[in-house]
Amino acid sequence: MNRIGITGHRSIPDGAQAHVLAGLRAALCGLDGATQALSSLAVGADQLFADLALTCGAELTVVIPSGDYEACFENAADLARYRLLKSRAAREIRLDFPHSTDEAYYAAGAYIADHCDRLLAVWDGRPARGLGGTGDIVTYARTLGRPVTVIWRDGVERG
1 MNRIGITGHR SIPDGAQAHV LAGLRAALCG LDGATQALSS LAVGADQLFA
51 DLALTCGAEL TVVIPSGDYE ACFENAADLA RYRLLKSRAA REIRLDFPHS
101 TDEAYYAAGA YIADHCDRLL AVWDGRPARG LGGTGDIVTY ARTLGRPVTV
151 IWRDGVERG
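Residue 1 is where the sequence shown starts when you use the UniProt record's numbering, and the numbers rise one by one after that.
It is worth saying that the hints were derived from the structure and are not from the lab.
Even glycine gets a Cβ: it sits at the ideal position worked out from N, Cα and C.
A hint or two may mislead.
Claimed, not checked - Restraint ranges, calculated between C-beta atoms of paired labels, are given here: (1) Glu-70 to Gly-155: 33 to 39 Å; (2) Leu-31 to Ser-87: 21 to 27 Å; (3) Ala-76 to Gly-125: 31 to 37 Å; (4) Glu-70 to Asn-2: 27 to 33 Å; (5) Pro-147 to Ile-93: 18 to 24 Å; (6) His-115 to Glu-70: 21 to 27 Å; (7) Gly-130 to His-19: 23 to 29 Å.
The task is simple: from the sequences and hints, build the whole structure.
Right, here's the structure in full:
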(Lines of atoms letter the chains of each structure in order from A and count residues from 1; the text may use other names and numbers.)
(Lines give C-alpha, C1' and ligand atoms only; values in the text may rest on other atoms or scores of the structure.)
Protein backbone atom coordinates (compact mmCIF):
# COMPACT_ATOMS: atom_id res chain seq x y z
CA MET A 1 0.00 0.00 0.00
CA ASN A 2 1.24 3.50 -0.85
CA ARG A 3 1.20 5.70 2.26
CA ILE A 4 1.31 9.43 1.52
CA GLY A 5 1.20 12.15 4.15
CA ILE A 6 0.66 15.88 3.96
CA THR A 7 2.08 18.91 5.67
CA GLY A 8 1.38 22.39 4.45
CA HIS A 9 0.32 25.93 4.95
CA ARG A 10 -3.15 26.88 6.10
CA SER A 11 -3.14 29.90 3.82
CA ILE A 12 -2.30 29.36 0.16
CA PRO A 13 -2.09 32.58 -1.89
CA ASP A 14 -4.23 32.87 -5.01
CA GLY A 15 -1.06 32.90 -7.13
CA ALA A 16 -0.12 29.41 -5.89
CA GLN A 17 -3.59 27.82 -5.61
CA ALA A 18 -3.86 26.28 -9.11
CA HIS A 19 -0.25 25.08 -9.02
CA VAL A 20 -0.75 23.44 -5.62
CA LEU A 21 -3.95 21.71 -6.72
CA ALA A 22 -2.29 20.40 -9.87
CA GLY A 23 0.72 19.15 -7.89
CA LEU A 24 -1.41 17.38 -5.31
CA ARG A 25 -3.60 15.85 -8.00
CA ALA A 26 -0.57 14.58 -9.93
CA ALA A 27 0.95 13.07 -6.77
CA LEU A 28 -2.25 11.34 -5.67
CA CYS A 29 -4.14 10.31 -8.77
CA GLY A 30 -1.31 8.66 -10.69
CA LEU A 31 -0.53 5.93 -8.16
CA ASP A 32 -0.89 2.23 -8.84
CA GLY A 33 -2.45 0.13 -6.12
CA ALA A 34 -4.06 0.97 -2.84
CA THR A 35 -3.21 4.31 -1.27
CA GLN A 36 -3.50 5.49 2.32
CA ALA A 37 -3.58 9.28 2.72
CA LEU A 38 -2.65 10.75 6.12
CA SER A 39 -3.86 14.23 7.09
CA SER A 40 -4.75 16.28 10.16
CA LEU A 41 -7.48 18.03 8.15
CA ALA A 42 -6.35 21.55 9.04
CA VAL A 43 -7.68 24.37 6.87
CA GLY A 44 -5.67 24.84 3.68
CA ALA A 45 -3.27 22.23 2.35
CA ASP A 46 -4.45 19.41 4.65
CA GLN A 47 -8.08 19.69 3.57
CA LEU A 48 -7.21 20.13 -0.13
CA PHE A 49 -5.06 17.01 0.06
CA ALA A 50 -7.72 14.97 1.88
CA ASP A 51 -10.44 15.95 -0.57
CA LEU A 52 -8.28 15.08 -3.58
CA ALA A 53 -7.12 11.83 -1.99
CA LEU A 54 -10.73 10.71 -1.54
CA THR A 55 -11.55 11.77 -5.10
CA CYS A 56 -8.63 9.67 -6.35
CA GLY A 57 -9.84 6.61 -4.41
CA ALA A 58 -7.39 6.68 -1.49
CA GLU A 59 -8.29 5.60 2.03
CA LEU A 60 -8.10 8.59 4.33
CA THR A 61 -6.52 8.35 7.77
CA VAL A 62 -7.04 11.43 9.92
CA VAL A 63 -4.65 12.34 12.71
CA ILE A 64 -6.41 14.47 15.32
CA PRO A 65 -3.86 16.42 17.41
CA SER A 66 -5.99 17.16 20.46
CA GLY A 67 -9.28 16.72 22.26
CA ASP A 68 -10.37 20.30 21.54
CA TYR A 69 -9.17 20.37 17.92
CA GLU A 70 -12.55 21.45 16.55
CA ALA A 71 -12.29 24.68 18.56
CA CYS A 72 -9.35 25.84 16.42
CA PHE A 73 -11.52 26.21 13.31
CA GLU A 74 -12.29 29.90 12.92
CA ASN A 75 -15.61 29.73 11.08
CA ALA A 76 -18.56 27.43 10.56
CA ALA A 77 -17.69 26.62 6.93
CA ASP A 78 -14.16 25.44 7.82
CA LEU A 79 -15.50 23.33 10.69
CA ALA A 80 -18.21 21.81 8.48
CA ARG A 81 -15.64 20.85 5.84
CA TYR A 82 -13.44 19.31 8.55
CA ARG A 83 -16.36 17.28 9.89
CA LEU A 84 -17.38 16.12 6.41
CA LEU A 85 -13.87 14.96 5.53
CA LYS A 86 -13.47 13.29 8.93
CA SER A 87 -16.75 11.41 8.42
CA ARG A 88 -15.36 9.98 5.17
CA ALA A 89 -12.14 8.73 6.76
CA ALA A 90 -11.37 5.04 6.95
CA ARG A 91 -9.34 5.53 10.15
CA GLU A 92 -9.01 8.09 12.89
CA ILE A 93 -5.94 8.44 15.10
CA ARG A 94 -6.45 10.63 18.19
CA LEU A 95 -3.39 11.92 19.97
CA ASP A 96 -3.52 12.32 23.75
CA PHE A 97 -3.15 16.10 23.93
CA PRO A 98 -6.15 17.71 25.65
CA HIS A 99 -5.59 21.10 23.99
CA SER A 100 -4.52 22.38 20.57
CA THR A 101 -1.00 23.57 21.26
CA ASP A 102 2.10 23.88 19.11
CA GLU A 103 3.34 20.66 20.73
CA ALA A 104 0.14 18.85 19.72
CA TYR A 105 0.48 20.10 16.13
CA TYR A 106 4.12 19.02 16.02
CA ALA A 107 3.21 15.57 17.36
CA ALA A 108 0.51 15.17 14.70
CA GLY A 109 2.91 16.20 11.94
CA ALA A 110 5.57 13.86 13.31
CA TYR A 111 3.03 11.01 13.45
CA ILE A 112 2.21 11.56 9.80
CA ALA A 113 5.91 11.67 8.85
CA ASP A 114 6.58 8.52 10.92
CA HIS A 115 3.79 6.57 9.20
CA CYS A 116 4.08 7.60 5.56
CA ASP A 117 6.34 6.41 2.76
CA ARG A 118 6.36 9.84 1.15
CA LEU A 119 5.48 13.29 2.45
CA LEU A 120 3.94 16.01 0.32
CA ALA A 121 4.74 19.51 1.54
CA VAL A 122 2.74 22.52 0.38
CA TRP A 123 5.54 24.78 1.49
CA ASP A 124 7.11 28.09 0.51
CA GLY A 125 10.50 26.95 1.81
CA ARG A 126 10.56 29.39 4.70
CA PRO A 127 11.02 28.50 8.39
CA ALA A 128 7.98 27.53 10.44
CA ARG A 129 6.17 30.39 12.18
CA GLY A 130 5.65 28.25 15.28
CA LEU A 131 6.59 24.79 16.54
CA GLY A 132 4.93 22.17 14.37
CA GLY A 133 4.73 24.36 11.28
CA THR A 134 5.40 23.05 7.80
CA GLY A 135 9.14 23.78 7.87
CA ASP A 136 9.55 21.82 11.11
CA ILE A 137 7.73 18.78 9.76
CA VAL A 138 9.71 18.83 6.50
CA THR A 139 12.95 18.92 8.50
CA TYR A 140 11.74 16.09 10.74
CA ALA A 141 10.71 13.93 7.78
CA ARG A 142 14.04 14.48 6.06
CA THR A 143 15.91 13.41 9.22
CA LEU A 144 13.95 10.14 8.99
CA GLY A 145 15.04 9.74 5.37
CA ARG A 146 11.49 10.13 4.06
CA PRO A 147 11.16 11.38 0.52
CA VAL A 148 9.62 14.86 0.63
CA THR A 149 7.97 16.39 -2.42
CA VAL A 150 7.64 20.17 -2.11
CA ILE A 151 4.71 21.67 -4.00
CA TRP A 152 4.81 25.44 -4.35
CA ARG A 153 4.84 27.95 -7.16
CA ASP A 154 8.18 29.74 -7.51
CA GLY A 155 8.01 33.46 -6.93
CA VAL A 156 4.86 33.34 -4.79
CA GLU A 157 5.20 34.38 -1.19
CA ARG A 158 2.84 33.44 1.59
CA GLY A 159 1.32 36.41 3.39
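Status of each hint after checking the structure:
1. Glu-70 to Gly-155: 33 to 39 Å: Since Glu-70 and Gly-155 have Cβ atoms about 36 Å apart, the given range 33 to 39 Å holds.
2. Leu-31 to Ser-87: 21 to 27 Å: Holds - the Cβ-Cβ distance for Leu-31 and Ser-87, about 24 Å, lies within 21 to 27 Å.
3. Ala-76 to Gly-125: 31 to 37 Å: Because 33 Å falls inside the window, the suggested range holds.
4. Glu-70 to Asn-2: 27 to 33 Å: holds (29 Å)
5. Pro-147 to Ile-93: 18 to 24 Å: holds (22 Å)
6. His-115 to Glu-70: 21 to 27 Å: Check passed, 23 Å falls within 21 to 27 Å.
7. Gly-130 to His-19: 23 to 29 Å: The hinted range 23 to 29 Å holds for Gly-130 and His-19, with Cβ atoms some 25 Å apart.
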